[in-house]
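Chain order of the listed sequences is H and L.
Here the first sequence stands for residues 1 to 367, where the numbers follow my numbering.
Here the second sequence stands for residues 1 to 367, where the numbers follow my numbering.
Hint data in this document are derived by calculation from the structure and do not stem from the laboratory.
Among the hints, a few may not be true.
Repeated chains share a single entry, so a pair holds when one copy, or any two copies, can fit it.
[Unchecked claim] Under the rule of at most 30 Å between Cα atoms (straight-line distance), these lysine-lysine pairs were calculated in the DSS-like manner:
no., residue 1, residue 2
1, Lys229, Lys109
2, Lys313, Lys43
3, Lys51, Lys188
4, Lys361, Lys284
Protein chains: 2
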Amino acid sequence: MRVFNFSAGPSVLPLSVLEKAAKEITDANGTGQSVMEMSHRSKDFVPIIEKTESLLRDIMKIPANYKVLFLQGGAWTQFAMVPLNLGAVEFGAPRKKATYIDSGIWATKSAEEAAKYVDVTIGASSADRSYRAIPAVPPHNPNDDYYHFVYNNTLVGTKWPSIPDTGSVPLVSDISSFILSEPLDVSKFGLLYAGAQKNLGPAGTTLVIVREDLVGRAPSWVPTMLQYKTHAAEASLFNTPPCYGIYMIGLVLEWLQEQGGAEAMGQRNREKAELLYACLEESKFFHSPVEKSSRSLMNIVFFPRESDPEKCKDIENRFVKEAAAAGLVNLAGHRLMGGLRASIYNAMPIEGVKALIDFIKKFELSL
Amino acid sequence: MRVFNFSAGPSVLPLSVLEKAAKEITDANGTGQSVMEMSHRSKDFVPIIEKTESLLRDIMKIPANYKVLFLQGGAWTQFAMVPLNLGAVEFGAPRKKATYIDSGIWATKSAEEAAKYVDVTIGASSADRSYRAIPAVPPHNPNDDYYHFVYNNTLVGTKWPSIPDTGSVPLVSDISSFILSEPLDVSKFGLLYAGAQKNLGPAGTTLVIVREDLVGRAPSWVPTMLQYKTHAAEASLFNTPPCYGIYMIGLVLEWLQEQGGAEAMGQRNREKAELLYACLEESKFFHSPVEKSSRSLMNIVFFPRESDPEKCKDIENRFVKEAAAAGLVNLAGHRLMGGLRASIYNAMPIEGVKALIDFIKKFELSL
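So here's chain H without its partners, still in its complex pose (with noise of 0.2 Å):
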């Protein structure tokens, strides 16, 4: 029996798109083979990375002048090609600047890297607030390469409630656990990028859609594979891309453009995400740590009201493990940050939520 799965990523798929992969496992599109078998410059793969990167355009409305990549080594290998190739210098020359808004370990970690490569001014943090809101962003300095944030913060729960204005300094996004959530202006950006297992499809694909003329910046001592321009002069397949993880967001963007496409999928998120929110203003023994104004669609983490920290540590392995065994699995909060956390992506179905919302209703009443 299916459960529902809460994981943060690798997360829920759509079961019909499962479904599909299964049926054409050993005979995509009648010839003779598994998509993971298919030679990556075969006529019968080409059309699947075309489609792919078609879909994504138009469910994006991604403008022509950047390009789609399907990478790999997920977004912490971002961490370092963002700064490679929009900051750093051939050796000797004078280090370029970005700034880097601290709204939650990630995004720490991403300034964190980018520092090996570039100067780094941290532009705002909620770090003390224990990143329980998306800081108050001062006015961009124009003498930046670039200004990095990170859209949805996937282990705090947060999202950023507009996109800040930074005039004509490249605004570059992790946007791993916010693409396709809702409707999003790629003409505001840089670059985005975004490791596909949230709501695009299985780990080991990285997407990056990346304005044109950043591309080919990097200083030559920065590895092949990590310059963008490596792959966007050869429609990502300089060398042997993760095929099989992209017909999978290829059968995901499908279902998604079926379902109403990222409008549709950002009025059900809203719905789903109302609910569940509505539910921990309402109990007595949970609450959401994270203000109003900031809150995430898609990671809703939430804290029993319990003072005393054993009582409340019991209280959420209690509440893990009978979600567990009631079929609501991956609940517990990231391992850096305890609590509890539901991961409602776009192929979480609303009856997901309510199953969620019903069983807090009925563990409060067991406490």
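With chain H held as given, fit chain L onto it using these hints.
Relative to chain H, chain L alone:
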């Protein structure tokens, strides 16, 4: 209907493995989830990666002082990671040295990438003979920090007849198209790497086997994700790994063990290759350009004996087209090489090789 797929990679997988994957795709091991949906740190996924590593250690007899890493980015990323981890230095320090043997186009590219970070000596090359043989190698330089060769050259169809002796200089090899095709003495190497998409599983996972004393040597400026110690310290779970690829590798390794392991594979692969080379020896219209002592068991390159280049190209095109119509696909040589190539990895049954031989004989009669 399934075809016989002679692709050099991504390439054929055992049908029983694909069928098992299909069966489990919406609910693996009674978890109610697809492996594609599992949190990588969950009690559902961790046993999968552990089992995959343990099977590999068992089948390859990997000594306990070697780490097994499941990474991303393909062999191309290793072309940079090897020098960045085994040879690169902090800014201003004197550069270290490595010897590369140029036995084919990938070997050349790996040496070019390494030259960004270390002083590379090309110890020997068979470029002047169009790579039709593995070059004879001079005694190793004891001052080198490592020595690199490509064990099986996918593109030109050669294989090293024996492992060079480099004393205490760490021996590094790209075994992407060699791994598990026959037994290998891992203890002779400092580091081995392989893209998964030939004998291991689908594209998107890169296997690294590295002796523990070689981990942790990268200078601090190397991107976190490109340092072996990052992944070695966290058993390949530093960030989200390509979970589904690792699961598929596990299924392939189970199949391989059932077949009798690396020894049985080696016997079967020799048998398959000998049949095909014998067919080419007898053929009046085709021939293998590769010297007998250097012939690959995995990638069998052949050319028409026709000397007129245009007629030759015509024959190749007709061969590829008619073979595909007969259910024998991906027989064109690499785009940089031309000619024809049959890649007959572990998962290619002997029936596929016999079908190809029959086709060659029939095709010749039609010439």
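Checked hints:
In this assembly of identical chains, Lys229 and Lys109 lie within 30 Å of each other by CA distance both inside one copy and across copies; the values are 25 Å within and 17 Å between. Taking identical chains as interchangeable, the C-alpha atoms of Lys313 and Lys43 lie at most 30 Å apart only when they sit on different chains, with a minimum of 20 Å there against 55 Å within one chain. With identical chains, the CA atoms of Lys51 and Lys188 are at most 30 Å apart within one copy only, with a shortest distance of 25 Å there and 45 Å across copies. For the identical chains of this complex, Lys361 and Lys284 are intra-copy neighbours only, at 10 Å inside a copy versus 80 Å across copies, given an alpha-carbon limit of 30 Å.
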